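In the order they appear, the protein sequences are chains A and B.
So for the first sequence, the UniProt record's numbering puts the first residue at 1; every next one is plus one.
So for the second sequence, the UniProt record's numbering puts the first residue at 1; every next one is plus one.
Be aware that one or more of the hints could be misleading.
Copies of the same chain look alike in the list, so a pair counts if it fits in one copy or across any two.
Taking lysine-lysine and the BS3-like style, the derived pairs with C-alpha atoms no more than 30 Å apart in a straight line are [what the hints assert, rightly or not]:
#, residue 1, residue 2
1, K264, K63
2, K91, K63
3, K410, K154
4, K63, K11
Hints were generated in silico from the structure; no laboratory data involved.
Source: prediction; values computed, not measured.
Listed below are the residues making up each chain.
2 protein chains.
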Amino acid sequence: MEYSCTAYELKCNECGKRYGNRPLSGCPDCLAPLEIAYDLDSARGEFTREAIEAGPANIWRYKRLLPIPDGFQPDLPVGFTPLVRAKRLGKRIGASNLYIKNDAVCFPTLSFKDRVVSVALANAQKFGFTTVGCSSTGNLANSVAAQAARLGIKASILVPADLEPAKILNTLVYGARLIRIDGNYDHVNRLCTLIADEYNWGLVNVNLRPYYAEGSKTVGFEIAEQLGWRLPDNVVVPMAGGSLIRKIRKAFKELIYLGLVEDKPVKFFGAQATGCSPIAVAVREGADNFIPQKPNTIARSLAIGNPADGPAAAKMIIADGGWAEDVSDVELVSGIQELAETEGIFTETAGGVTTAVTARLYAQGRIHPDETTVVCITGNGLKTTDALAGRYEVARAIRPRLADFDAYLKELDGVSEPEPELVAAGDVRVL
Amino acid sequence: MEYSCTAYELKCNECGKRYGNRPLSGCPDCLAPLEIAYDLDSARGEFTREAIEAGPANIWRYKRLLPIPDGFQPDLPVGFTPLVRAKRLGKRIGASNLYIKNDAVCFPTLSFKDRVVSVALANAQKFGFTTVGCSSTGNLANSVAAQAARLGIKASILVPADLEPAKILNTLVYGARLIRIDGNYDHVNRLCTLIADEYNWGLVNVNLRPYYAEGSKTVGFEIAEQLGWRLPDNVVVPMAGGSLIRKIRKAFKELIYLGLVEDKPVKFFGAQATGCSPIAVAVREGADNFIPQKPNTIARSLAIGNPADGPAAAKMIIADGGWAEDVSDVELVSGIQELAETEGIFTETAGGVTTAVTARLYAQGRIHPDETTVVCITGNGLKTTDALAGRYEVARAIRPRLADFDAYLKELDGVSEPEPELVAAGDVRVL
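Kindly generate the complete structure, drawing on both the sequences and the hints.
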């Protein structure tokens, strides 16, 4: 169960030992995580601005620097999501060069996880796995289920029992087997490590993790290309396992190395919910003293208390001169609303965290108003509607007559509001 | 409140009278709907394959044949959604050249309405409206609310009182004013016609309707370009107001006229829910006898009983040799599941209708297995999760131990399933 490839292979972060290509996430010798190492120089004539721009409008335009087996024909148009200028949000928080990288509309399942899953499943097929799976806080579950369905391979997905209903439904609908675990994500993940040893399954974020994680680089590639082959000054990234923020940096470094963008300093800012903020705490209090937490936040997609790449992410943020903050559940809900009201983008709880943290970073003066800053929005608000329960009111219905409408509008605009009523998805009561 | 433009203007479908550019939907003389007429010949040197391909990866690449005022700088990357080959769905229903045009991931609000709204709001701004709005079955409400928020203009949106909770929330979150009407869409729409006369509002599908409707042409442009500048043999389209199916045809005709694609016959197939099928009935029983219906279906985004473009759509379908079918609510739910299980695409109730109708058309032999057929999926399943209530079961949660997992898997694979429990979004009960 391995394949040979001249373009890339597994390499230990610590001891540098190489392992070819096989389903393996940690170095058997020193137990450090494995990463994909490329022969970057061999890509020099091929991974060019021109070649990329001539490619398809999806992540496969960057295929040359992804661990994609020879002969693999990607046919799912994943990624290449919009990077939009955020003038109105910027005005509200004091930022004049603000951008949103919007993976809330990523094909097929509306989160950045679609990127990592498509790379992982290409390898799962190459390795010959007939069942794939993952441990997930929701978005990964959705993506593995959907992409496995399209490929016609079986999926078994493990999640914490208290996952949001929309994320559960959005896994089951694809025909995946969903296994609920009585515990938090860290419990689920530990169980998956044991399952990977016993079952012949391709678990995308366990034994396929080095391949999987490389998919996140495409966020970085896209940001640079969409800024006109230029790196931003700052990137604000939500942190769960700590992988995404590191891979965006890796993408930038590869672009610099190959001369596609000018070398310049980029600061990375991590965003977490206060109820699960081990990486943010490590950034602020010193990365050598990494302390796992027991998650307690409604930002379930960030609720990883013992993140695999947490210590490395904290070190990286500090080394580049960035920072990390965490916000409360109340603040993250306001963050969801603020992004929707200013930019028309409805994000999930994790995106509320990232938006609220961004606002705080500007308020703290850690980001200068004129700097080019990209905020990574990684998931869609329709998956976490419960977070807004009780935040909105619907008024009584009126009759379809102009006179009733006129009177109603006067009432709305006048002192006496029509008697409101709380509304939440799944719970609309009418007077 | 009008502007002059040499590239396009309003023209009456019936009497041919021209009206320049102003907020007006029907001919004051003969009451027929107005459409946008272009000087197509003047576009000949500009609307070329090369020019389009050099444009941005969104609907603005087709700006030359959209009613976009001079000097308008579109900055929202709407559209250019994936067209994916549907091999597994095709295998299940006996189709060997099947494609899904997937607007379920359209930016910003996950439906094809984002296309029409962006064109309408460009004109609303040009006309100087400071409040915009619409009558809506949900997706349009979401899109108007989101795009108005980003532009910083007020939105007042009228909907039937019984709209799905996710669509209500996904309107309110952007800060729009939502007005619930005690009646069905046709009641709401009639009220909006009166409002447009009394208030100085830009109602996208009322007084801005001719501009708005043109946005749907981009679905047709994209299908042709994504097929490699080739027209399909068949297109299956959901029908509510009857506009989309006509505009896709208009786009094809414009491409043929300007020589971007080869002229060939294309058949159009309309899809409706049985509980609201006036256009499908008119196609089958004769378009001259168009009978409005009182909607009664869970496919609320198709629940327009008296569709503005219904008679014209029926005539067009018949003239081109196409057909129309309607499916029950039970069948549409199966359609949602079938598309998800085979292609990993989770669509809303309207998409379930379109999928189920497509299957029936192949079963009836109305579409030959080898013909190139594009199925238009226009909205996202996360907006209509209630439709799947009771369709899925979650089993009890298990402890995070390998022994428990092993036993559980044996149980799942064996005769005795673990005791299941119904699950619906917003309603997950744990044993």
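Consistency of the hints with the structure:
| no. | hint | in the structure |
| --- | --- | --- |
| 1 | K264 - K63 | within (25 Å within a copy, 36 Å between copies) |
| 2 | K91 - K63 | between (37 Å within a copy, 29 Å between copies) |
| 3 | K410 - K154 | between (58 Å within a copy, 16 Å between copies) |
| 4 | K63 - K11 | within (19 Å within a copy, 48 Å between copies) |
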